[in-house]
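Undergrad: What follows is each chain in one-letter form.
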Amino acid sequence: MTYDWSVIWQYRALLLEGAAVTVLLTVLTMAVAIPGGILLAVLRLSNSRILSGTAASFVEFFRNLPIILVVYWAFYVMPVLTGLEFSAFTTGLIALSLNVSAYNSETFRAGINSIRKGQTEAAIALGMSRTQAMREIILPQAWRRVLPVLASTWVSLFKDTSLVSVIAVGELAHAAMTVRSQTFRVLEVLTAMAAIYWLLGYPQAKLVDWIRLKFKVAE
Amino acid sequence: MSASNRPGAARPAVLVYRDVKKRFGDFQALGGISMEVHKGEVVCLIGPSGSGKSTALRCTNGLEALSGGEILFDGVPLPQDEPRMRPVRQRMGMVFQNFELFPHKTAIENVAIGPVTVLKMSAADARRRAASLLDKVGLASKAGNYPANLSGGQQQRVAIARALAMEPEVMLFDEPTSALDPETIGEVLNVMKALAEEGMTMVVVTHEMTFARRVADWVVVFDHGLIVEQGPPGQIFDAPTTERTRNFLSHLGWNG
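Listed in order, the protein sequences are those of chains A and B. Using our numbering, you'd call the opening residue of the first sequence number 1 and step up by one each time. Using our numbering, you'd call the opening residue of the second sequence number 1 and step up by one each time.
Any given hint might turn out to be false.
[To be verified] Selected chain B positions facing chain A (in silico; Cβ < 8 Å):
1) 98
2) 100
3) 166
4) 228
These aren't lab readings, by the way, just hints derived from the structure by calculation. Here a beta-carbon is modelled for each residue, glycine too, at the ideal position from N, C-alpha and C.
Based on the sequences and whatever the hints tell you, model everything.
TA: In structure tokens:
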């Protein structure tokens, strides 16, 4: 069997563009899913049963569905239900954001709950409202505990963006599959795709390790 | 309890507890207690663990809602809803057994945060107030330290300064030395003693019988959610009138 690696160079622009879309999709998804996760976590911890119940249902729904199903659902069903048509990219972004927001909300909830009750009581005893206690005392502490988990989620998300290739979002996996179907060079294309994912993913994983060390909680 | 053996009785009552009850599910933590705290008094609540003394203290600033009875603060019954309780709480300082300093803030930031967040004081004014309070508790040199870099005794002194920053009318202490190493207990008790001498009204839940004996104006003995005896320290420690007070003190090895 002979190998023809020149196809990778030949299609470099397409692959690089795919890599850029992958990174952009990861960044945008997190940009939505971090505030989304905080909002869901705070709603879930609220005293209103309607708010906490709604948030809990949302989280349990999207957390327990395979992402690829949510991607297909957002692509085929959402436009029918809502009457809104989005580009493939936006549709993929919505699907990923729903899933990651649900995950992040659990991360934030665990982070908030890990701060012992006495901290809230100390803030309340000073005369703070519950909102002030959450903003000034609880969230800043929870943040340090949450950050390493968010970083891990980030790395998973980076790889999971490949799932939106099924709805033809031109990210790295889709770009690679396009090259494959045009050149029939499966081994070369998959190897190049693996190399690009790994080269981009490895520094992120190392960064996560560093964040874990840096933000280790000392009390 | 006759007025004659209670010097503070002539001064107005800051806190009046009337048949206060607190229930946690099936557990009756307070079975109806009545007592008074007069202006400038140090009232120590003593008794075995689980006897309800901490619960009584936590009911005082609304960290626990009452199940029955009432507590009057300056003659006004404590509101039992969050929003109306908040301004009342600002007039009471609380010190916790586990300090509960905010670990992400330095000592001086811990002291300044109340005035800044709650009283809307400017950052500079709050810092000035915080600095002078840290000085007062002997920790001016530790202003920039995070709680993790302070000893237990130092943390508790910062916590006292934090409570004082709100310029409270009453200070509530919930076993302030129970989590401390023996060698740092003294420094916290000294700060509390100095505060008492300045005339601060204080309610202190404590197992430090020597402190209660020397500093308290009035001692209240709790057992099983009830007050079994109250009186001046001389009476409680030297001539207790009830069997349960005698039992409790002898279990602690107290012999006068």
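Undergrad: Decide, hint by hint, whether the structure agrees.
TA: Structure-based check of each hint:
no. : hint : in the structure
1   : 98   : holds (6 Å)
2   : 100  : holds (4 Å)
3   : 166  : holds (6 Å)
4   : 228  : violated (28 Å)
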